[in-house]
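Visitor: In the UniProt record's numbering, the protein residues as written are 1 to 64.
Source of the hints: derived by calculation from the structure; they are not laboratory data. Quick reminder that beta carbons are idealized off the backbone N, C-alpha and C, glycines included. There is no bait here: all hints are sound.
Using 30 Å as the maximum straight-line C-alpha spacing, the simulated DSS-like pairs for lysine-lysine come out as follows: (1) Lys33 <-> Lys7; (2) Lys7 <-> Lys48; (3) Lys33 <-> Lys48; (4) Lys61 <-> Lys7; (5) Lys33 <-> Lys4; (6) Lys48 <-> Lys61; (7) Lys61 <-> Lys4.
Pair by pair, the computed Cβ-Cβ distance ranges are: (8) Met5 <-> Gln38: 16 to 24 Å; (9) Gln2 <-> Gly64: 19 to 27 Å; (10) Gly53 <-> Pro26: 16 to 24 Å; (11) Gly64 <-> Lys33: 26 to 34 Å.
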Amino acid sequence: MQCKMTKRYLTEHNVSFEEHNINEQPQYIDYLKERGFQAVPVVDVDGKEAFSGFRPDVLQKIAG
Numbered sequence: 001m002q003c004k005m006t007k008r009y010l011t012e013h014n015v016s017f018e019e020h021n022i023n024e025q026p027q028y029i030d031y032l033k034e035r036g037f038q039a040v041p042v043v044d045v046d047g048k049e050a051f052s053g054f055r056p057d058v059l060q061k062i063a064g
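Please work from the sequences and hints to get the whole structure.
Guide: Okay, structure coming up:
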């Protein structure tokens with residue numbers, strides 16, 4: 001649910017993003033675990049700290 005909400009928010013605010021679906025690309029599971037994440041979605045923006053979950057407060061800052 002949080003993945004869909006995050007994707008919808010980014011799309012509605014015209015923020016381009018690259019999606020990696022762990023159900024379709026399970027190799028990303030280990031990558032996320034190595035970085036300390038235990039939940040999805042993980043949003044990783046260049047130059048900013050990555051975060052997990054649906055965070056409209058942070059997404060708003062990204063969208064400008």
